[in-house]
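Enquirer: Here are the chains, one letter per residue:
Number of protein chains: 2
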Amino acid sequence: MTQRKNVLFIMADQLRADHLACYGHPHIRTPNLDALAAKGVRFDRAFVNSGVCGPSRMSYYTGRYPSTHGATWNRVPLSVGEVTMGEYLRAGGHKLVLAGKTHIMVDHKGLERLALDGGSELARLLKTGGFEEIDRYDGHHEPGEESGYPAYLRRHGYQSDDPWTDFVISARGPDGETVSGWHMRNARYPSLVEEKHSETAYMTDQALSFMERMGDEPWVLHLSYVKPHWPYIAPAPYHDMYSAEQCLPVVRNDAELNNAHPVVEAYRQQEECVSFASDTCVNTVRPAYQGLITQLDDHLGRLFDFMSRNGLMDNTLIIFTADHGDFLGDHWLGEKELFYDTVQRVPFIVYDPSPEANATRGKVDDRMVEAVDVLPTMLSWLGLPLASHRLEGRDLQPLLHGKQPPWRDCVFSELDYSYRLARVIRDKSPSNAKAWSLRSDRWRYVYWLDEPEQLYDLHADPEQFNDLGRSAEHEHIREECRERLLQWFTSLKRRTTVTEEEVERGTNAYKKAGVFFGQW
Amino acid sequence: MTQRKNVLFIMADQLRADHLACYGHPHIRTPNLDALAAKGVRFDRAFVNSGVCGPSRMSYYTGRYPSTHGATWNRVPLSVGEVTMGEYLRAGGHKLVLAGKTHIMVDHKGLERLALDGGSELARLLKTGGFEEIDRYDGHHEPGEESGYPAYLRRHGYQSDDPWTDFVISARGPDGETVSGWHMRNARYPSLVEEKHSETAYMTDQALSFMERMGDEPWVLHLSYVKPHWPYIAPAPYHDMYSAEQCLPVVRNDAELNNAHPVVEAYRQQEECVSFASDTCVNTVRPAYQGLITQLDDHLGRLFDFMSRNGLMDNTLIIFTADHGDFLGDHWLGEKELFYDTVQRVPFIVYDPSPEANATRGKVDDRMVEAVDVLPTMLSWLGLPLASHRLEGRDLQPLLHGKQPPWRDCVFSELDYSYRLARVIRDKSPSNAKAWSLRSDRWRYVYWLDEPEQLYDLHADPEQFNDLGRSAEHEHIREECRERLLQWFTSLKRRTTVTEEEVERGTNAYKKAGVFFGQW
Chain A
1 MTQRKNVLFI
11 MADQLRADHL
21 ACYGHPHIRT
31 PNLDALAAKG
41 VRFDRAFVNS
51 GVCGPSRMSY
61 YTGRYPSTHG
71 ATWNRVPLSV
81 GEVTMGEYLR
91 AGGHKLVLAG
101 KTHIMVDHKG
111 LERLALDGGS
121 ELARLLKTGG
131 FEEIDRYDGH
141 HEPGEESGYP
151 AYLRRHGYQS
161 DDPWTDFVIS
171 ARGPDGETVS
181 GWHMRNARYP
191 SLVEEKHSET
201 AYMTDQALSF
211 MERMGDEPWV
221 LHLSYVKPHW
231 PYIAPAPYHD
241 MYSAEQCLPV
251 VRNDAELNNA
261 HPVVEAYRQQ
271 EECVSFASDT
281 CVNTVRPAYQ
291 GLITQLDDHL
301 GRLFDFMSRN
311 GLMDNTLIIF
321 TADHGDFLGD
331 HWLGEKELFY
341 DTVQRVPFIV
351 YDPSPEANAT
361 RGKVDDRMVE
371 AVDVLPTMLS
381 WLGLPLASHR
391 LEGRDLQPLL
401 HGKQPPWRDC
411 VFSELDYSYR
421 LARVIRDKSP
431 SNAKAWSLRS
441 DRWRYVYWLD
451 EPEQLYDLHA
461 DPEQFNDLGR
471 SAEHEHIREE
481 CRERLLQWFT
491 SLKRRTTVTE
501 EEVERGTNAY
511 KKAGVFFGQW
Chain B
1 MTQRKNVLFI
11 MADQLRADHL
21 ACYGHPHIRT
31 PNLDALAAKG
41 VRFDRAFVNS
51 GVCGPSRMSY
61 YTGRYPSTHG
71 ATWNRVPLSV
81 GEVTMGEYLR
91 AGGHKLVLAG
101 KTHIMVDHKG
111 LERLALDGGS
121 ELARLLKTGG
131 FEEIDRYDGH
141 HEPGEESGYP
151 AYLRRHGYQS
161 DDPWTDFVIS
171 ARGPDGETVS
181 GWHMRNARYP
191 SLVEEKHSET
201 AYMTDQALSF
211 MERMGDEPWV
221 LHLSYVKPHW
231 PYIAPAPYHD
241 MYSAEQCLPV
251 VRNDAELNNA
261 HPVVEAYRQQ
271 EECVSFASDT
281 CVNTVRPAYQ
291 GLITQLDDHL
301 GRLFDFMSRN
311 GLMDNTLIIF
321 TADHGDFLGD
331 HWLGEKELFY
341 DTVQRVPFIV
351 YDPSPEANAT
361 RGKVDDRMVE
371 AVDVLPTMLS
381 WLGLPLASHR
391 LEGRDLQPLL
401 HGKQPPWRDC
411 VFSELDYSYR
421 LARVIRDKSP
431 SNAKAWSLRS
441 DRWRYVYWLD
451 EPEQLYDLHA
461 DPEQFNDLGR
471 SAEHEHIREE
481 CRERLLQWFT
491 SLKRRTTVTE
501 EEVERGTNAY
511 KKAGVFFGQW
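So the protein lines, in turn, are chains A and B. As numbered in our numbering, residues 1 to 520 make up the first sequence, in order. As numbered in our numbering, residues 1 to 520 make up the second sequence, in order.
Since the hints were derived computationally from the structure, they do not count as laboratory data. A portion of the hints provided could be inaccurate.
Copies of the same chain are indistinguishable here, so a pair counts whether it falls within one copy or spans any two.
[As the list claims (entries may be wrong)] Using 20 Å as the maximum straight-line C-alpha spacing, the simulated EDC-like pairs for lysine to aspartate or glutamate come out as follows:
| hint | residue 1 | residue 2 |
| --- | --- | --- |
| 1 | K109 | E500 |
| 2 | K511 | D166 |
| 3 | K127 | E112 |
| 4 | K109 | E121 |
Note that the structure is a prediction, hence the values are computed from the model and not measured.
Excised from the complex, chain A in its bound form:
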């Protein structure tokens, strides 16, 4: 009899790797994630495959890079032709349950094309991206019927048609007026929602209720928090838990603004970057951002305690990560998307309860991992087949088990900025506003369509201050990077309608099919 196995795949939204204590932050308190890392493996060099929610998450959910899955930005639906985590799991007899955010956009045209726009079970699953939603909540807009959060808030006394806007992201200003968390100046005030009714608390409650309901039944849960993503406003006491002095120093210098890369320069003209150019903004937002992280950690403590008490720490694979980081003013930038470790590097902690993983408990692994690795790792843990004709990521289980397989020496990330003002500023068409980046131990390289390249020597310049993208003496490095990028493109998996095993069986089998060409 197979032992019961669960998976808990936790995602934070817009959480920088360097904002956890176990990743070296000198002031943030994240004892529960630190404890998870002490029991599992902390991957120190984990990267997303796109620095923005939608495409990054679709890489987690499909095990494929954005150039393959095609959902290259937040507003681009994932094609119904793409197979997601939920579908692989379902084929193996598991349900993939969701509490929180996915950023799945429904491919309405694709469904309509295939006459799948009715109310069928299949259409429902395709619309959710394969998730069984116990509570889907994408945050930062009024939730629809898929989330019980607005009704929950009203039940707890937050009377409003839109309690999220009126309470969760609102605060009381100095003169008693209501102010909005959409304005970053208000990040200093506590949210009008009580902490126990906040988004993070609510979604943790959902996960706890789910685990209680499941009892001894096995499960796979994606617990996906919308925080510490903006609007940056924390409930008391987290709103003033940290001072500006307890934040990392902002990483930027004046030299960066001279001779900047034209797309980076265009990004800096966008409102979020203009705002974050002010120290006041940085010093107002960062403490709230940190408070939201400690709050998240506190609730994870509640969850992990429950799991420990109920034996779930013995049979549950736990993956904790994020969809991307946040500039928070670094490099005179706000938000995300661009190719700096600030945004591209994420926390990535894996706890594998199996005895095979005992050798690596508490270890830090600096091999490079990517978002696309989560799905194959999960399938492998559950003993399900890896769809090697589709999945572009790698199973991390050998690493968790202390093995030393040949491993990648660089990671890849992509950006489609066609929907952004920066694209308009650069006067480009929606089809040529794209970039691909390669990040090796030493180099961060970016290939932009119709724009100069970027190159950073991370050994000499770990903060990425000095762009060597137009330096003549580094042309040979850029050339090597282009070669490596070409190799990566040739490795993408487009032959999705046949498995590798089917190809093996069909190789040189013409005569069996009654075809006898080539005989004299």
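Fit chain B to the supplied structure of chain A, relying on the hints for placement.
Expert: Same frame as chain A, but now just chain B:
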């Protein structure tokens, strides 16, 4: 009122460009195709996007390269997620009618996944690749119920369960015995089928009947012959219309066999290449191959005559091309697939009856065109929108109308040889048996996964005898080619769920969606 417009898209199977009189063959008689070229434009440098039936045709039918459409070889079904010619035409109010071959493989798993495996109209269309089949006939295997050809043969006295095998590709040997066209030694004998009942005659009859039935109704017809593809056996009088002396000299030399590219060397161990290494095989097959071409031309004459008599030459766009060529012993190779113009270059004649095209009638255009250009050209002629978020080819209408738009300077083709014996000989996995080729005016370059590159200087060596793929002094050329290949990869269209117009409308439109991030 819009004038009625038809499209006749004619494809020959495995027809080399240099095997038509208008393309310079000194002996073959193809007066009807020559006349078509004299009325239209003959593209002298037209190339397929893969040198093998399935992926090449799927590029014609989707307007996308194999790396994008994913049907990389004959046995790889086109994903139901891919939109084909028939679907674009249907959206514009046209039916795409088929007489002949498509090589569409049904994506059974994709249909099953989307619960489209029933008998619905939609499932039927997805199974045919969007074609309305008046008679689908892929040749070289026993046709299924989709073709009326076996019943037709039986009605005309060819009594057999499998009249194709017993008559169409059979012949009478010197001692009166029945011999098979599967054996190339028998290419010298006439087929047991009467010419008027042959595949080429039958399919032409289908097209004629269709045009008669349509009367004054507009139509779009894909007339897709299975010849001169093997089995190489022609009905009388075409079987001995040409002598070996009337064939092009075989293009090969002993030097090619020394230090050959390892994959080309592996191909040469496959049966078709072993057979074609003999002059006897070359001299037996080529005359029959040429006979099949003249036969095809004769039937096209019959079709064009009918069209002229019925006014159809005034309102029908005619495109004549092929899915790839045939080595016929050149370079010690048989069949196709590899990256020589012999196989990659195809005849490509376009007749546009509109007055705008009068300036180019009878002209030879040496701008480079590709298989992916057919679909956008057809849509443009019909006044239908070009799906610029999916189509990777270019509209040829400006060229037909004498314009000089900025144009491509190279073409791309691909190969997945994972099903071939050559892959086994090279001891490779099914995932790393791929190649991409770039062909510019001067260079033919091939990038192979885990194999040396190939490079030919077509100015100095138009026949591709001298592989410079490992020549140190040509490294800078190969590097340029790799750069160009990388650019091409970055241009592929994977963001298929939104149109470029939708991206434009959604650009910088966050606030309209109630999202106000970045404000201080």
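Enquirer: If you test the structure against every hint from before, which numbers come out violated?
Expert: none
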